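Asker: If you want the building blocks of each chain, they are given just below.
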Amino acid sequence: MNFIMSLVAVLALVLTAFLGIEAAGLRTFFSMAVPYVAFTLFIAGTVYRVLAWASSPVPFRIPTTAGQQKTFPWIKRNRFDNPANKKEVLGRMILEVLLFRSLFRNTKAEIEKGPKLYYQWEKWLWVGGLALHYSFLVILLRHLRFFTEPVPFFVQALGGMDSFLQVGLPGIYISDSVFMLAVIYLLVRRLIIPTVRYISLPGDYFPLILMLAIGVTGILTRYFTRVDLLKVKQLALGLAKFQSSAPEQVGTIFYIHLLLVCTLIAYFPFSKLMHAGGIFLSPTRNLPNDSRIRRHVNPWDYPVEVQTYAEYEERFREKMIEAGLPVAKEIAAGGPAVYPLTKK
Amino acid sequence: MSIENLLLPRKKELLKSWFDLFVRAYAPEAAVMLKGESNQFANPVGQTSLSAMADILDEFLNECRIDKILPPLGRIIRIRAVQDLAPSRALAFIFLLKGLVRQILDGETAAGKVSHADLAEFDERVDGLALAAMDIYSKCRDSLYEIRIGEIKNRTNRLLLKAQIIAEVPEHKSERHDN
Amino acid sequence: MAKLPKPSELALDYTLPKKGWMDAAVDFRPGTWSHAARAKNLEAAGLPNARQWSPADSDWKLPSNWKQIIFEGMRERLEKFRSLRIFMDICVRCGACADKCHFYLGSGDPKNMPVLRSELLRSIYRGEFTLAGKIMGSIAGARELTENVIKEWFYYFFQCTECRRCSVFCPFGIDTAEITMIGRELLNLLGLNIDWIAGSVANCRHTGNHLGIQPHAFKNMIEFLADEIEAVSGVRVQPTFNRKGAEILFITPSGDAFADPGTYTMMGYLMLFHEMGLDYTFSTYASEGGNFGMFTSHEMMKRLNAKMYAEAGRLGVKWLLGGECGHMWRAVNQYMDTMNGPADFLEVPKSPVTGTIFDNAASTKMVHIVEFTADLIRNGKLKLDPARNDNLVMTYHDSCNTSRGMGFFEEPRYVIKSVCNKFHEMPPETIREQTFCCGSGSGLNNDEFIEMRMRGGLPRANAVRHVEERHGVNALSCICAIDRSALTTLMDYWVPDVTVYGVHELVGNALVMKGESERTSDLRGDPLPGMEASEDENI
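Protein chains in written order, with the numbering used here: chain A, 15 to 358; chain B, 39 to 217; chain C, 4 to 542.
Worth flagging that the hints you see were computed from the coordinates, not collected in a lab.
As the structure is a computational prediction, the values presented were derived from the model and not from experiment.
Where hints are given, some of them may not hold.
Below, simulated DSS-like cross-link-like pairs (lysine-lysine); rule was C-alpha separation at most 25 Å, straight line [as the list claims (entries may be wrong)]:
{"hint": "1", "chain 1": "C", "residue 1": "Lys517", "chain 2": "C", "residue 2": "Lys384"}
{"hint": "2", "chain 1": "C", "residue 1": "Lys6", "chain 2": "A", "residue 2": "Lys333"}
{"hint": "3", "chain 1": "B", "residue 1": "Lys136", "chain 2": "B", "residue 2": "Lys106"}
{"hint": "4", "chain 1": "C", "residue 1": "Lys420", "chain 2": "A", "residue 2": "Lys90"}
{"hint": "5", "chain 1": "C", "residue 1": "Lys6", "chain 2": "A", "residue 2": "Lys343"}
{"hint": "6", "chain 1": "A", "residue 1": "Lys90", "chain 2": "A", "residue 2": "Lys101"}
{"hint": "7", "chain 1": "B", "residue 1": "Lys136", "chain 2": "C", "residue 2": "Lys6"}
Computed list of chain C residues with no C-beta within reach of chain B, every gap over 10 Å [claimed, not checked]:
{"hint": "8", "residue": "Pro8"}
{"hint": "9", "residue": "Arg32"}
{"hint": "10", "residue": "Ser110"}
{"hint": "11", "residue": "Lys137"}
{"hint": "12", "residue": "Val238"}
{"hint": "13", "residue": "Phe261"}
{"hint": "14", "residue": "Gly280"}
{"hint": "15", "residue": "Ala313"}
{"hint": "16", "residue": "Pro355"}
{"hint": "17", "residue": "Gly383"}
{"hint": "18", "residue": "Tyr417"}
{"hint": "19", "residue": "Asn424"}
{"hint": "20", "residue": "His427"}
{"hint": "21", "residue": "Gly528"}
Glycine is no exception: its CB is placed at the ideal position from the N, C-alpha and C atoms.
So here's chain A without its partners, still in its complex pose (with noise of 0.2 Å):
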């Protein structure tokens, strides 16, 4: 029912572009009001949600820790796992940054089963994710080519590299491969395994199959339509100059291509593909586990009501004494005192 909602959802996008090119002709909206709003949207939203993070003190120190704290000298540490200073806090945020640690750990050990070693590597989730977000980049970076003139050497380099292969002519990108498989296997994976169905919102469909309609779309473009990527570039570069006008005879299938793009962008701060800023801030991970060492300040802390120990002992006082136990009062005439039981 969610994937179903999120399919038409995108299908109703690459119409919508669609009629609007063939029917309508309403190339200028979409070739340049729609990619600045979405821009706009996208940068506005981001700022937004990172400042309303950010608003939010950190009153406690809570890092998970997952190695060996740091005590004697003795005693070997795990700085990764448990850093003790912001150093290493820094080299646990690389690690999950960009390696994503924690998904790594995901992991079963090898067990026994009868007399035969039996093995099984969990680690798809892992591979599935880092490919998808590396070939992403690297398609994120390829495109800078449009925007760019003359087009700096690391995005030419790139280019290169990432078509190696040379399969077929244009050279097809490993990264296209890879992001579509990438995007293909999370997406089966979220269909076929039912805790994870379960768990699924539109907004876990949604997102993918944008995604894969975009490398669809794209991958069109170039190997099969053969839009004029001369007119795209010039598109591109008045766009990010402020002085563009509507090419003519682009295909339109650049322009679905292009509408997908905006609404992954604009989409962007308002789902949960924000966890790529929220990584950063979270405290679980970016705290070194040192407040035992140095004292973290709560920016918000207020006195409570604590029981006293004179209270205590106002209460108490009488068995204190006959028990043998200090007390800092003797017992006045009169009896003990009554202890009031909840707050005035």
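Given the structure of chain A, go ahead and fit chains B and C onto it with the hints provided.
Answerer: Then chains B and C, alone, in the frame of chain A:
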């Protein structure tokens, strides 16, 4: 040829169908986990049940010695006894063996290799297995209550030796304390 | 009239219809929930909406403006805790956490998957606090706040032991323990707590410990344990109480004073302190190391924890020493200094025996007893005879809180291996940072919850059984008071031949004390290895 001899070479098939049926008693989301994960530590319920069922079948189709069957039967029933199931539900999976065996031996029965008497005899042994499971189930429940009592005793064991030393929070805030 | 069901129907007919999780209402069957907090305990703990009620009732007697209370409570906490705000936003539902929860593994209930436990709260957050949720409703993963949702929260937030195992595997570090803690705070705004927690909090607040033990009784009990030590070793230990000017204030969970087998661990502490000639004191006012406030709200945690520093200041000690306890140590390590510090009136802890300075406790000024003992052993200050524990084939259970809220792995192993000759680890995916919970943490170690605890503890018990079968392990050690009691129960059910020990009980057994008589029995009064025969001869 006895039923056991016919079943022995097809033990794997029998175990698989039995376990499939067993797992279907759980919610679909749970069933997937129980079946999917073959690491005994990541999936204790599923793997303990599967290995216990395998051990039970091994012995059940061979010599059927009670001292060899009770331990694996105990492993699986001990889990069932704390899974929020009525006793009938907890033990029903054992009776499924009857239907499964008929299914598996369908061809042989039609060919006359398996007689009604054979089947009746097999059924009776399944009933025996179920009765043994019932004993274990009830023992598990008893032990659960004993453990509960033991825990409460442990918790305040030292206190029981000395009376009158717990201060209760009084019933009403207006009530005066002590003495 | 319904027909008698056939076995096949009983075995195969799963009664719950398959629905999306958002509209499923909770069925409160006995054994799956804990008793409601009694009015007098809520009142004594200073918690709102004190009244008589039960989770099995259809009317939970919520205040008339309960919705407003929850929404305001959420808003306040979103503004106060970045953790909450981030965890509400960034989950991608990848499912990495799904099979990491012991309650899910043991019960199969899909809402015990950490991701769904959090979604229970997240769905309400989206509906009220995000634009997408307000506009698109359930399409954006939002749902309406109803009484059924509150009931569901109560059921599942009191079915999480805050063990943080899922948090280790989450690619974004989302910590279900944090969500459960805040979920419980919200529930407490409506007077929804369980009695096992509220009662302990009330007692702790007014008497100084969970059981409500009065000062004279606390002293009696420790002295009673001193008698037992004398009977076993011939040495008389001399603990002091509320003594001003002592160098060290020692605080341990009250379970060590009153509950078996924690009492044997207490005997171990007393023997060690005596042997080292430590200048220390107990306090009857701060006689609880555990902190059930942590299972209620941050504020309550602070209230109960405050007694530690307050008493240290009043008595004028130099530093604090803490006993073997799980959540106490999460509170001490991650909260105490922030909540009730700075403890600038204390000194950086220095072992009076070895001279070691505990830099890692430079700010809180509180040292873990196992750190302290490890340092003693390392410096050769203890005369140990590990052969006295030779009847034990030992394994070690890492407590959730000291593992994932502290990273305390090597010190206890070092001590255990110094006092026990036979030691075997459980499989790697069940120990250290991946340790499985005892199933009874976070205030859920109550009697009426026992079946759920047995289910939740199965992954742990299963690993113990593995080493029992493979290496003949018959003893399980731990450094947590709830573990000592809950694992005993768990082992009685799943692996009956395994006995549970505190680490310092083992130290007490192995410790060769000056002037001791020949030991024939361990601290439990059971004959030492090699002494069985002489016992028989006496008879």
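Asker: Each of the hints needs a verdict: does it hold here or not?
Answerer: To see whether the hints hold, each was checked on the structure:
About 12 Å separates the Cα atoms of C:Lys517 and C:Lys384, which keeps this hinted pair within 25 Å; it holds. Proposed proximity of C:Lys6 and A:Lys333 is contradicted: the alpha carbons are some 66 Å apart, above 25 Å. A hinted pair counts as satisfied when its Cα atoms are at most 25 Å apart, and B:Lys136 with B:Lys106 qualifies at roughly 21 Å. Distance hint between C:Lys420 and A:Lys90 is fulfilled; the C-alpha atoms sit about 17 Å from each other, no more than 25 Å.
Using a Cα cut-off of 25 Å, the hinted pair C:Lys6 and A:Lys343 is violated, with the two alpha carbons roughly 76 Å apart. Taking the CA atoms of A:Lys90 and A:Lys101, the gap is near 18 Å; set against the 25 Å cutoff, the hint holds. At roughly 21 Å between alpha-carbon atoms, B:Lys136 and C:Lys6 fall within 25 Å of each other, so this suggested pair holds. Its beta-carbon lying about 7 Å from the closest one in chain B, C:Pro8 breaks the requirement of being farther than 10 Å from that chain.
The beta carbon of C:Arg32 is not kept farther than 10 Å from every beta carbon of chain B, the shortest such distance being approximately 6 Å. With a minimum CB-CB distance of about 7 Å to chain B, C:Ser110 fails to clear the 10 Å threshold, and the non-interface call is violated. Here C:Lys137 stays apart from chain B, with its beta-carbon at least about 29 Å from theirs, past the 10 Å limit. No beta-carbon of chain B comes within 10 Å of the beta-carbon of C:Val238; the shortest separation is about 21 Å.
Its closest Cβ contact with chain B, about 5 Å, brings C:Phe261 to no more than 10 Å, contrary to its assignment away from the interface. For C:Gly280, the requirement that its beta carbon stay farther than 10 Å from each beta carbon of chain B is met, with the minimum near 27 Å. Here C:Ala313 stays apart from chain B, with its beta-carbon at least about 20 Å from theirs, past the 10 Å limit. No Cβ of chain B approaches the Cβ of C:Pro355 within 10 Å, the least distance being about 30 Å, so the stated non-interface status holds.
With a closest Cβ-Cβ approach of about 35 Å to chain B, C:Gly383 is found to remain outside the 10 Å limit, as its non-interface label requires. Non-interface call for C:Tyr417 relative to chain B: holds, since the shortest CB-CB distance, roughly 25 Å, exceeds 10 Å. Separation of C:Asn424 from chain B is adequate, the least Cβ-Cβ distance of about 26 Å exceeding the 10 Å criterion. No Cβ of chain B comes within 10 Å of the Cβ of C:His427; the nearest lies about 15 Å off, and the non-interface call holds.
Residue placement check: C:Gly528 keeps its beta carbon more than 10 Å from all beta carbons of chain B (closest about 13 Å).
The structure fails hints 2, 5, 8, 9, 10 and 13 (numbered hints given earlier, in ascending order).
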